[in-house]
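Based on the provided sequences and hints, a complete structural model is requested.
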Amino acid sequence: MKALESNKDVALTKEKAQWMYQKMVEIRNFEDRVHELFAKGILPGFVHLYAGEEAVAVGVCAHLNDKDSITSTHRGHGHCIAKGCDLDGMMAEIYGKVTGLCKGKGGSMHIADFDKGMLGANGIVGGGFPLACGSALTAKYKKTDNVSVCFFGDGAQNHGTFHEGINLAAIWKLPVVFVAENNGYAEATPFSYASSCKSIVDRAIAYNIPGIKVDGKDILAVYQAAEEAVLRARRGEGPTLIECVTYRNYGHFEGDAQTYKGDQEKAEHKQEKDAILLFRKHLLNEQLLAENEVVAIEKSVEAAVDQAVKFSEESPYPNASELLTDVYVSY
Amino acid sequence: MKALESNKDVALTKEKAQWMYQKMVEIRNFEDRVHELFAKGILPGFVHLYAGEEAVAVGVCAHLNDKDSITSTHRGHGHCIAKGCDLDGMMAEIYGKVTGLCKGKGGSMHIADFDKGMLGANGIVGGGFPLACGSALTAKYKKTDNVSVCFFGDGAQNHGTFHEGINLAAIWKLPVVFVAENNGYAEATPFSYASSCKSIVDRAIAYNIPGIKVDGKDILAVYQAAEEAVLRARRGEGPTLIECVTYRNYGHFEGDAQTYKGDQEKAEHKQEKDAILLFRKHLLNEQLLAENEVVAIEKSVEAAVDQAVKFSEESPYPNASELLTDVYVSY
Amino acid sequence: MTRKLSMSGAINEAMKLAMRKDENVILMGEDVAGGAQVDHLQDEDAWGGVLGVTKGLVQEFGRERILDTPITEAGYMGAAMAAASTGLRPIAELMFNDFIGSCLDEVLNQGAKFRYMFGGKAQVPVTIRTMHGAGFRAAAQHSQSLYALFTAIPGVKVVVPSTPYEAKGLLLAAIEDNDPVIFFEDKTLYNMTGDVPEGYYTIPIGKADIKREGSDVTVVAIGKQVHTALEAAEQLSQKGIEIEVVDPRSLSPLDEEAILSSVEKTNRLIVIDEANPRCSIATDIAALVADKGFDHLDAPIKRITAPHTPVPFSPALEDIYLPKAERVVKVVSELLGTPLEV
Amino acid sequence: MTRKLSMSGAINEAMKLAMRKDENVILMGEDVAGGAQVDHLQDEDAWGGVLGVTKGLVQEFGRERILDTPITEAGYMGAAMAAASTGLRPIAELMFNDFIGSCLDEVLNQGAKFRYMFGGKAQVPVTIRTMHGAGFRAAAQHSQSLYALFTAIPGVKVVVPSTPYEAKGLLLAAIEDNDPVIFFEDKTLYNMTGDVPEGYYTIPIGKADIKREGSDVTVVAIGKQVHTALEAAEQLSQKGIEIEVVDPRSLSPLDEEAILSSVEKTNRLIVIDEANPRCSIATDIAALVADKGFDHLDAPIKRITAPHTPVPFSPALEDIYLPKAERVVKVVSELLGTPLEV
Ligand SMILES: Cc1ncc(C[n+]2csc(CCOP(=O)(O)OP(=O)(O)O)c2C)c(N)n1
Ligand SMILES: Cc1ncc(C[n+]2csc(CCOP(=O)(O)OP(=O)(O)O)c2C)c(N)n1
Ligand SMILES: [Mg+2]
Ligand SMILES: [Mg+2]
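Protein sequences, first through last, are from chains W, F, X and V. So for the first sequence, the UniProt record's numbering puts the first residue at 1; every next one is plus one. So for the second sequence, the UniProt record's numbering puts the first residue at 1; every next one is plus one. So for the third sequence, the UniProt record's numbering puts the first residue at 1; every next one is plus one. So for the fourth sequence, the UniProt record's numbering puts the first residue at 1; every next one is plus one.
Calculated from the structure, these hints are not laboratory results. Hints may contain errors.
Claimed, not checked - Below, a list of computed lysine-lysine pairs in the DSS-like style, where the Cα atoms sit at most 30 Å apart: (1) V:Lys-330 - V:Lys-239; (2) X:Lys-21 - X:Lys-4; (3) V:Lys-16 - W:Lys-143; (4) F:Lys-173 - X:Lys-55; (5) F:Lys-142 - X:Lys-324; (6) V:Lys-292 - X:Lys-324; (7) X:Lys-292 - V:Lys-265; (8) F:Lys-198 - W:Lys-142; (9) W:Lys-173 - V:Lys-211; (10) F:Lys-142 - X:Lys-21; (11) V:Lys-55 - F:Lys-266; (12) X:Lys-265 - V:Lys-21; (13) F:Lys-281 - W:Lys-198; (14) V:Lys-292 - X:Lys-330; (15) V:Lys-239 - W:Lys-142; (16) X:Lys-292 - V:Lys-239; (17) W:Lys-143 - V:Lys-265; (18) X:Lys-324 - W:Lys-40; (19) F:Lys-281 - F:Lys-299; (20) F:Lys-142 - X:Lys-16; (21) X:Lys-265 - F:Lys-143; (22) W:Lys-67 - W:Lys-16; (23) X:Lys-211 - V:Lys-292; (24) W:Lys-143 - V:Lys-21; (25) F:Lys-198 - W:Lys-198; (26) X:Lys-330 - X:Lys-265; (27) V:Lys-55 - W:Lys-142; (28) V:Lys-21 - W:Lys-173; (29) F:Lys-40 - V:Lys-239; (30) X:Lys-292 - V:Lys-292; (31) W:Lys-266 - W:Lys-40; (32) W:Lys-173 - W:Lys-198; (33) F:Lys-173 - X:Lys-21; (34) F:Lys-143 - W:Lys-198.
Here is the structure:
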């Protein structure tokens, strides 16, 4: 593991620091709000929240532009936000409204925004590995210097597509960064039970590619590891595997009683190990942002999420005719 | 890699040595004959020959009994013979005759003999990994000390089922021995192109299991590695990955012009690297068998293969009624 | 003794009874217990299945028989096939039938073909339990009804129960069966309750059930759609139209006899199937009757199905995606030449 | 200019033309070139596909566009889907359609659903070429005809050509299409020759072709079975019976119009399909006509298919597994009430 605590010599511009903090807070706020709305019975469907893992999506996406692409998971809201998706459109999608990013046809597990390089949340565990290779292949073939990032969970890395995707990326030297979000559990099953390796990065050697393990609660560590990997990919040197050790604050999906978690771990991840609190402290200590600037971000995000909810509530459902659009219907 | 030349301190009983030599010669002879019959247009279908790789199947199966099971590949004749399948029944199966081991319904790619623990050749590359876990699960659950061996090629180890199967065997400590037959090619595609690892055993670390690489032309090296792995499995300590570096003397399937092979490699594998010639020399040098005993084996095998062909030629095809047996037909 | 039980309770009970009866029956799947190797959950489950259907099994049977698997559908499904062919009688849970994309080979080319391809040498007594169906706001990848895909595969049997009573008896029959059986559970029916006898009983696979007798139109309905048909039957009955609701219960084998003799009586056929319409069980049953029942038909064979689109997420769209009683009423009326007053 | 070309030659030519026309077209698959990174084969192929269909492409287009893949169907098929949705137009070869078991998810839940599930945001212009069909002595895992499985999936199109001319024009149309298209090639037809125009042309997907006109019975036949039907037509014609042979050419979309208007003329329908019979394209077409063409039908709809078993290896069994012209002649005769003299 490269670093389990902040690498203090990561130099962030103020602008970048601001962006990163804002995105983290957006994710947290958005997810907390979705949690409430779901509890109230307002939101339909399966919802998997990203709260607690913000440092991963944001630390990685800090290195990407709109032409770079990411593949995501069932737990995709954080990736969407970090990649620049519009909060209104996201929330409306989760509501199933026609103003959603996918016209309400996708829902929480299928938010996509190709203009932002967000290739889609994915309800199929392991679905992203081959897809990330595909967008990377496009980049390589067209000789752009764009990269693809594949976010995936500790559970997903036991799926066959992990193996096939990474091997393919490795032999074709595709510009992919494979980012494991090791939150310790796949549903109610611990990583340590389901996976024969001690660390996900142990598997990098099977593909002869670099593996970096970092504290996924430490956004600077994630940022630094991702920088290395993204640059390597842009240089045409092939894929990297990054393991981010993290934790999800909520259950697997909304409704999960989480009996498999220990009380202590739950508590500490909400306090001393909380990625946002840690980053906030860092920003203030290093005087990258002043207290009032931080608070301003927090306030503006709250307003933005309020607005997203309002937007969604006021938006209409799709028309019945939408049932038959966006697909070739053969009868 | 453990040993690229014979480990001279492998102690074989005379009986074992005899059995091993006989099985190797049976495989070679059988395959050479199938090659001829196919060339003459007598045999139908896709046929993949095992000649050249005898030391692997025989060196491994030397440690197995009829209650131990193996899963095989499209290149399955050698595994069948090493596991004790009847030559008559095998040849008749390849002919599509009703006296075949599967009544002619399976053919070369689907020879199975459950009484001998041969769970079936398999036309699907990578199909065997999960299956080997299944028979091992039966053994573990029933608390027998039986093991399962999964034979697979260098091409198969890039398939997702490799990853899923080995991880499952590792976490459940299933009694499986995974035996890679690295013959350098998957069809016309070199191992070094398709696989991001330098050696297949490099992948053992991803599953936290022992990996042993041996010269697959050296039956004693294979024998020794397999012994260790089989005993480990019987003791309930879980799976092992063995990589046997080998070579197929014929093409991928009958009809392959093999333009991708080098002339030199082709030549040397038929001579100085030939597993049977090497073992023969060893047997004579170490006086495990006398020249006349070796020759007697060779003669008897030739007769047995002649007999298998005769048996097959004289056997009838299945009756039309067989079309609808051995399956639930729902109309 | 019969008491009220939910569909999921009935399925749970069937597994318990099967496991008590035969120690070769094991259960494997993702989080079928949950919390594997979590210290405080050694003899307990964290989940007992994603929707709790296998709850409590690990308490009784322990973690040697209730096996949590990694997210490796191909891995454990293939293992189930070979475990079955070497002496166990596994129940393998494929959490959502949509995930068959990750393990089709293990069914299509392995388990389903062993017996035939090996000339009768192998048998594969495996039961795959899987969730299907729309209406749960679970979107395109968690709402499909893919039973036609399996019905098309020779060598496997396909069961789609519509009531708790039948779920229990058919699941026990599936577990006893020596061929692979795919057992479909509509996730939106889990909470539906019904009378379920205590104790062990089986319902033969391959026998349809007439859920309501009638003489005007035969309505064959699959799974949850049996209830749509019954709802329509009530409404129609008030107008003096009596439809016969046939529940095939298993799609492979299909009780052709039952369908054909109902059509012989009613001379009209409608099939209700919430799956996509092409190459479906609805077309299968229609084709059967268009051949062997042709002489008894007085009207075109109608199919009421989902449209040929993925399942949309938005409640507004998903609600119109599924067949509805009103639509059945309308089609029946049209078929009988008694169009509805609007 | 038109000249004789084999089916595989026509398919090969179509790929060449597509790749010359659009540099976003690439080809990927196992050994589509072969010999990757073998020193003496840098600009040459070792195989050009397992049966030589892609032979010579690497010479013209190089190894950046003709991509040999590892044996990782899920890996490269998923890559093809995302490459397609990000600007390329890949042709992905699934060597045998039977191998869909290793990559169904990439089609079923990914490529096929992107456009709808993402509200129209994505398009997936991918063409999957794949071999199917029995008769090659390739046994149960290499002989299936799985087009029904794909036809059942909303979002993908399915093409099954029966002649070299159509193979070329339909493949070019498939590559131009912005939805995923699965293109089925019967391996036993590769050597069949026929007239094929030079140059670039497309045949629209969704238009059936009347392969022979007739007024007595409509025979819809799929792929190679078109030739079985034509053979039967010759024999029947000598007895004065004229069957109309309809080749749908694409199964999704299906040219319902063409089938229905043929039945309107002949009043009788037979479907010949070598796939297994349940939930098949044969049932699909039968169901279509039993609904929308019912009023024109004078006789039961017959299906001539494989039995509901895996494909047996033995030549003795495989030969009776497949539909035969004699069987078609027999069924036609029975349908017309003119049983054959034996
Ligand atoms: C192929 C497939 N199998 C199973 C599931 C059900 N499922 C959804 S999320 C999940 C757990 C994923 O765990 P992990 O990859 O660690 O991601 P996390 O939820 O922890 O973010 C499972 C089993 C699925 N969606 N797809
Ligand atoms: C899933 C699947 N993909 C592709 C094939 C086609 N195929 C048959 S054998 C083979 C090569 C296998 O190579 P390897 O595993 O090295 O075994 P070898 O032939 O060298 O013994 C391929 C690609 C197949 N049978 N199954
Ligand atoms: Mg996780
Ligand atoms: Mg090989």
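Do the alpha carbons of Lys-239 of chain V and Lys-142 of chain W lie within 30 Å of each other, as the hint requires?
Violated. Lys-239 of chain V to Lys-142 of chain W sits at ~62 Å, over the 30 Å cutoff.
If you draw a straight line from the CA of Lys-292 of chain V to the CA of Lys-330 of chain X, is it 30 Å or shorter?
Cα-Cα ~17 Å, so holds.
Hey, Lys-173 of chain F versus Lys-55 of chain X, does the alpha-carbon distance stay inside 30 Å?
The given pair, whose Cα atoms are some 26 Å apart, holds under the 30 Å limit.
Take a quick look at whether Lys-198 of chain F and Lys-198 of chain W sit within 30 Å of each other, Cα to Cα.
holds (22 Å)
Hinted pair Lys-67 of chain W and Lys-16 of chain W, Cα distance within 30 Å:
It holds: about 18 Å lies between the C-alpha atoms, which stays within 30 Å.
Run the distance test for Lys-55 of chain V versus Lys-142 of chain W: straight-line Cα separation, threshold 30 Å.
Since the Cα atoms of Lys-55 of chain V and Lys-142 of chain W sit roughly 25 Å apart, the hinted pair holds (cutoff 30 Å).
Pair hint outcome, Lys-292 of chain X versus Lys-239 of chain V [Cα-Cα no greater than 30 Å]
holds (27 Å)
Is the Cα-Cα distance between Lys-173 of chain W and Lys-198 of chain W 30 Å or less?
holds (26 Å)
Quickly compare the C-alpha distance for Lys-265 of chain X and Lys-143 of chain F to 30 Å and report which way the hint goes.
violated (57 Å)
Please verify whether Lys-16 of chain V and Lys-143 of chain W have alpha carbons no more than 30 Å apart.
holds (22 Å)
Under the criterion that the straight-line Cα-Cα distance not exceed 30 Å, is the pair Lys-266 of chain W, Lys-40 of chain W satisfied?
Holds, at roughly 23 Å.
Between Lys-292 of chain V and Lys-324 of chain X, does the CA-CA distance stay at or below 30 Å?
Given that 30 Å is the threshold and the Cα spacing comes to 22 Å, the pair holds.
Figure legend: structure checked against the earlier numbered hints; hints not met, in rising order: 5, 9, 12, 13, 15, 17, 21 and 29.
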